[in-house]
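J.: Going down the list, the sequences are from chains G and B.
In terms of full-length UniProt numbering, the first sequence opens at residue 1 and continues consecutively.
In terms of full-length UniProt numbering, the second sequence opens at residue 1 and continues consecutively.
FYI, nobody ran anything at the bench for these hints, they're computed from the structure.
Don't take each hint at face value.
As the list claims (entries may be wrong) - Restricting the straight-line Cα-Cα distance to at most 27 Å, the calculated cross-link-like pairs of lysine-lysine (BS3-like) are:
1. B:K337 / B:K371
2. B:K389 / G:K70
3. B:K111 / B:K93
4. B:K184 / G:K145
5. B:K259 / B:K304
6. G:K43 / B:K259
7. G:K43 / B:K180
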Amino acid sequence: MKKLLVALAGLMIGSLSAEAQKKPAPKPKTTAAAPAALIAQGKAVYTETCLSCHQADGGGVDGMNPPLIKTSYVLGDKTRLVKVVLNGLQDVDIDGEEYNNAMPSYDFLTDQQIAAVLTYVRSSFGNKATPISAAEVEAIRAANKK
Amino acid sequence: MKNNLLRFLLVPTALVGSLSLYALTSKVGPPAPDANNAGLKLPAGFGALVVAETGGRARHLTITPQGNIYVKLNRPDKSGRSVLMLRENSAGKAEVAGGFGSYGGTGIYAKGGYLYASSDQEVFRYKLNEKGEVTNPTQPEKIVTGLINRRQHESKSVVLDNNGNLYVNVGAYSNSCQVKDRQKGSLGQPNCPILDSAGGIWQFRADKLNQTYGDGTRYATGLRNVVGLDWNQQANQLFVMQHGRDQLHDIFPDLYDTKQSAQLPAECLYALKKGDNAGWPYMYYDGQQRKKMMAPEYGGDGKKEATGNFIDPAAAFPAHMAPNALLFYTGTMFPEKYRNGAFIAFHGSWNRAPEPQMGYYVAFQPFKNGKPSGDWEIFADNFAGSPEKVASGRADHKPCGLAQGPDGSLYVSDDKAGTIYRIVYTKK
Chain G
1 MKKLLVALAG
11 LMIGSLSAEA
21 QKKPAPKPKT
31 TAAAPAALIA
41 QGKAVYTETC
51 LSCHQADGGG
61 VDGMNPPLIK
71 TSYVLGDKTR
81 LVKVVLNGLQ
91 DVDIDGEEYN
101 NAMPSYDFLT
111 DQQIAAVLTY
121 VRSSFGNKAT
131 PISAAEVEAI
141 RAANKK
Chain B
1 MKNNLLRFLL
11 VPTALVGSLS
21 LYALTSKVGP
31 PAPDANNAGL
41 KLPAGFGALV
51 VAETGGRARH
61 LTITPQGNIY
71 VKLNRPDKSG
81 RSVLMLRENS
91 AGKAEVAGGF
101 GSYGGTGIYA
111 KGGYLYASSD
121 QEVFRYKLNE
131 KGEVTNPTQP
141 EKIVTGLINR
151 RQHESKSVVL
161 DNNGNLYVNV
171 GAYSNSCQVK
181 DRQKGSLGQP
191 NCPILDSAGG
201 IWQFRADKLN
211 QTYGDGTRYA
221 TGLRNVVGLD
231 WNQQANQLFV
241 MQHGRDQLHD
251 IFPDLYDTKQ
261 SAQLPAECLY
271 ALKKGDNAGW
281 PYMYYDGQQR
291 KKMMAPEYGG
301 DGKKEATGNF
311 IDPAAAFPAH
321 MAPNALLFYT
331 GTMFPEKYRN
341 GAFIAFHGSW
351 NRAPEPQMGY
361 YVAFQPFKNG
371 KPSGDWEIFA
381 DNFAGSPEKV
391 ASGRADHKPC
401 GLAQGPDGSL
411 YVSDDKAGTI
421 YRIVYTKK
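Next comes chain G alone, as it looks inside the complex:
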């Protein structure tokens, strides 16, 4: 099952990058970036692990916990994003705003859980970015340990 999900996520990445090359064409309804099962798993991880700070709508808390909506931290470089989950984050301004709360490390989550939750976040709250696979998380985690 796990392998199947990873394979599916991989397929989706492929199809999305192909689509990205076509540039602004209006997106069909099926843009939903990742398989429903991965999104559902991601939502469950989000609810248990992330929601108390980043809130149900992903909007965060003014001055404390940054929003997960339309920010380069979420939509941009996957490696940076995965590292935020693995290492935590504090004392960093996000898109010019100060956020003063401390995010601890969530390295106790499995590669699959991190892939799922980040895929959920990147495709929720109005975000539309490519999924992240467990294999990608595994590679980033391995490099992170060095």
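Using the hints provided, position chain B relative to the given structure of chain G.
T.: For chain B alone, coordinates are given in the frame of chain G:
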């Protein structure tokens, strides 16, 4: 729909009421409330108006005896000003008449011919002239310097007593003094080292320059973070509102479910004496059981009571509502029951999620002879804009500062949209 209908019915009533009052009190007397009471829900006989829209993150505010309003912004505005001076023009409204100070921060307090304002590391003071205007806006005296600021709980709130002492909160740069802050399962650091320089109230002289930790006194400790504090004139005593700890469920999911985590711990009002210890990080206060509980980071299991010489709160309020201002009302405009009682601005919660959020209102705690007496109540509500916006935490306005005007009006600042409110009693 029901709300709209109610508003439709109320508006003419309020208008007639305020107009007749205006006619009766030609010169003195409070200004007329806005037709919609500035969007607030208030007890019968009270009204509210928007004094000004500052457009900044208006943290605390203070008002001189001449009626000048000074507002501390959390960061400088576009013109580089972090203290705004507002002057009343007509009918209770005010406009920004000036500003100075290029440092962000929260604390501001006027007393004895001086205006005190804080950055997140320092306290400055400015001389006020007989018109209540600052005479040295670019050259304040630096009263306190070098206070710790590690972003978390960074604000430095200030108040003075009647003996020339200045009290400054230094918040703990941590949630519960864990080895790894906010990390699931991480235990508390033995003999929490944060308390040496933070997690308490420090006392300094109000007129001595360049004081730092060594010059001051740690007046009270074991206070995680205090944003609202005031000097009670009847008890001649400092009272503070603590922001209680967060995330019991996130950190110890086996001991606390999400509902318990939303309801624990109480936000506490403390009456402080020199040397008091309120118990953070070793304990938290359970407002339902009315017990001091041992923190799970320090051996607690959700049932064990705390051991240690920790003071009891003077009053307890629902969890996580973020009390950002405390004001003892000494005016005569409001009815007798409010005299010497405490107004508390609850900025609003975030750490109740996934349960609905709470707060975004000004509460009132009655006092008698310098002690809380009777139950607290919600005084000014609906800063958020709707019950849905309260529940989601997406409030339009967040009450953050309180001040009393020379006529006894209650002013409220909002650090979300920058609105300055004035609440008046209009019934004769």
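J.: Please work out if B:K389 and G:K70 have their alpha carbons no farther apart than 27 Å.
T.: Status holds; Cα separation ~21 Å.
J.: For the pair supplied as a hint, B:K259 and B:K304, confirm whether the alpha-carbon distance does not exceed 27 Å.
T.: holds (19 Å)
J.: Holds or violated: B:K111 and B:K93, Cα atoms, limit 27 Å.
T.: holds (23 Å)
J.: Would the pair B:K337 and B:K371 pass a check requiring their Cα atoms to be no farther apart than 27 Å?
T.: Roughly 14 Å between the alpha carbons, so the hint for B:K337 and B:K371 holds.
J.: Can you confirm whether the C-alpha distance between G:K43 and B:K180 stays at or below 27 Å?
T.: holds (26 Å)
J.: Is the straight-line distance between the alpha-carbon of B:K184 and that of G:K145 27 Å or less?
T.: holds (20 Å)
J.: When you check the alpha-carbon spacing of G:K43 and B:K259, does it fall within 27 Å?
T.: The hint holds at about 19 Å.
The earlier numbered hints are all upheld by this structure, with none contradicted.
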